[in-house]
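Novice: With chain A's structure known, arrange chain B on it following the hints.
The lines below spell out each chain.
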Amino acid sequence: MSASIVIFYILAAVIIGGGLLAVTERKIFRSAVYLLFSLIGIAGLYFYLNYEFLGAVQIVVYVGGIVVLIIFSIFLTAESGDDMKKPNLWRVTFSGLATLFACLLVLWLIQGHLFVSNTGTALEPNVRNIGRQMLSTAEHGYILPFEVVSILLLAAMIGCIVIAMKIKPKT
Amino acid sequence: MNEIGLTHILVISTSLFFIGVYGFLTRRNMITMLMAVELILNSVNINFVAFNKFLYPDKLDGVFFIIFNIAIAAAEAAVAIAIIINLYRSHKSIDISDADEMKY
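Keeping their order, the protein sequence lines are chains A and B. Here the first sequence stands for residues 2 to 172, numbered as in our numbering. Here the second sequence stands for residues 347 to 450, numbered as in our numbering.
Here chain A stands alone, though its shape is the one from the complex:
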């Protein structure tokens, strides 16, 4: 058993354990912190697979952005120290059974499927290649989705401001 495999299993334990605790923990603030651990584990998995750029993006956007946003919204809305209401037993039982059987079905399908690898010269996923292809207007370039996503982000930003804005009554 080499160090690489040990690191992989540690990452897997952090991801799945963090996810499980995030969906079962009764205190909402602790739940957000477990989600943080799970997301950091996923960033570690990207680094493990040599996708350094994606790992960095994962940490910057999810850990630095979305989780902080969620924690702020917890402080703005809920009483973060209190326990949440216990979900009723009927719902927990049947959701658990449904997801467990679906998970087992998908795992069985994965085990039985033979994945055929594409034998080509490997393209290094570094920032240079990613940036060149993303902003290229040639055949396999991604400039159009890039622009569409930038417009989407602008629309989302304006939408958030409009939704969360308080309208002052006219005096």
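Derived from the structure by calculation, the hints contain no laboratory data. Note that the structure is a prediction, hence the values are computed from the model and not measured. A portion of the hints provided could be inaccurate.
[Claimed, not checked] Straight-line Cα separation of at most 30 Å, BS3-like style, residue types lysine-lysine; simulated pairs:
(1) A:87 x A:169
(2) A:86 x B:438
(3) A:171 x B:399
(4) A:28 x B:405
(5) B:399 x A:87
(6) B:405 x A:167
(7) A:86 x B:449
(8) A:87 x B:449
[As the list claims (entries may be wrong)] Residues on chain B that point at chain A, a partial pick, calculated with CB under 10 Å:
(9) 385
(10) 405
(11) 448
[Unchecked claim] Below, a sample of chain B positions facing chain A; criterion: calculated Cβ distance under 7 Å:
(12) 350
(13) 352
(14) 362
(15) 372
(16) 375
(17) 394
(18) 399
(19) 404
(20) 423
(21) 427
(22) 429
(23) 432
(24) 434
C-beta: ideal position from N, C-alpha, C; glycine also.
Specialist: Coordinates of chain B only, in the frame set by chain A:
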């Protein structure tokens, strides 16, 4: 079991996906439901990375899908939290069963 292959990573992403689905079904609090959705989106991203790494190493399309996914997930989280905060102002609650005016 002497090398980490595609199947190992697919097992992780499948487990994480269904953990997210379980959380989405059992939680009644809007912020925790949003957290479960984030888990689901992240498991999909792991799948894209794994397929790009092991099946199509000569292309970069999986990387672009992940970058766009992360951008859209960020926009979705921001809009959802704006809606939740606005709902908290008017209902004084973020429980999903208290927001049923449009149910019928």
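Novice: For every hint, state whether the structure bears it out.
Specialist: Hints, verified against the model:
Under the criterion of a C-alpha separation no larger than 30 Å, the hint pairing residue 87 of chain A with residue 169 of chain A is inconsistent with the structure, at around 38 Å. For a cut-off of 30 Å, the pair hint linking residue 86 of chain A to residue 438 of chain B stands: about 16 Å separates their Cα positions. Restraint check for residue 171 of chain A and residue 399 of chain B: not satisfied, since their Cα atoms lie roughly 59 Å apart, outside the 30 Å limit. Pair hint residue 28 of chain A plus residue 405 of chain B does not hold up; C-alpha atoms about 43 Å apart against a cutoff of 30 Å.
Only pairs whose Cα atoms come within 30 Å are accepted, and residue 399 of chain B paired with residue 87 of chain A is rejected, the gap being roughly 41 Å. Restraint check for residue 405 of chain B and residue 167 of chain A: not satisfied, since their Cα atoms lie roughly 48 Å apart, outside the 30 Å limit. Between residue 86 of chain A and residue 449 of chain B the alpha-carbon distance is near 22 Å, which keeps this suggested pair within the 30 Å criterion. Our distance criterion of 30 Å between C-alpha atoms is met by residue 87 of chain A and residue 449 of chain B, whose separation comes to about 24 Å.
Below 10 Å, beta-carbon pairs count as interface contacts, and residue 385 of chain B has one with chain A at about 5 Å; its hint therefore holds. Among the interface hints, the one on residue 405 of chain B holds; its C-beta lies about 7 Å from the nearest C-beta in chain A, closer than the 10 Å criterion. Using the Cβ-Cβ criterion of 10 Å, the hint placing residue 448 of chain B at the interface with chain A is not satisfied: the shortest such distance is roughly 16 Å. Hint on residue 350 of chain B holds. Least Cβ distance to chain A is approximately 5 Å, under the 7 Å limit.
At a threshold of 7 Å, the smallest CB-CB gap from residue 352 of chain B to chain A is about 6 Å, leaving the interface hint in force. Below 7 Å, beta-carbon pairs count as interface contacts, and residue 362 of chain B has one with chain A at about 5 Å; its hint therefore holds. This hint holds: residue 372 of chain B has a C-beta 5 Å from the nearest C-beta of chain A, less than the 7 Å allowed. Because the closest C-beta pair between residue 375 of chain B and chain A is about 6 Å apart, less than 7 Å, the hint holds.
Checking residue 394 of chain B against chain A: minimum C-beta separation of about 9 Å lies over 7 Å; hint violated. A cut of 7 Å between beta carbons decides the hint on residue 399 of chain B: the least distance to chain A is about 5 Å, and the hint holds. Interface hint status for residue 404 of chain B: upheld, as the beta-carbon distance to the closest one in chain A is roughly 3 Å, under 7 Å. With its C-beta approaching chain A no nearer than about 5 Å, residue 423 of chain B sits inside the 7 Å limit, and its interface hint holds.
Annotation: residue 427 of chain B was flagged as interfacial toward chain A, and the flag holds, the nearest CB pair being 5 Å apart, inside 7 Å. Annotation: residue 429 of chain B was flagged as interfacial toward chain A, and the flag holds, the nearest CB pair being 6 Å apart, inside 7 Å. Checking residue 432 of chain B against chain A by beta carbon gives a least distance of about 5 Å; that is within 7 Å, so the hint holds. Against a cut-off of 7 Å between C-beta atoms, the interface hint on residue 434 of chain B holds, since the closest Cβ of chain A lies about 4 Å away.
Against the hints set out earlier in the document, violations occur for numbers 1, 3, 4, 5, 6, 11 and 17.
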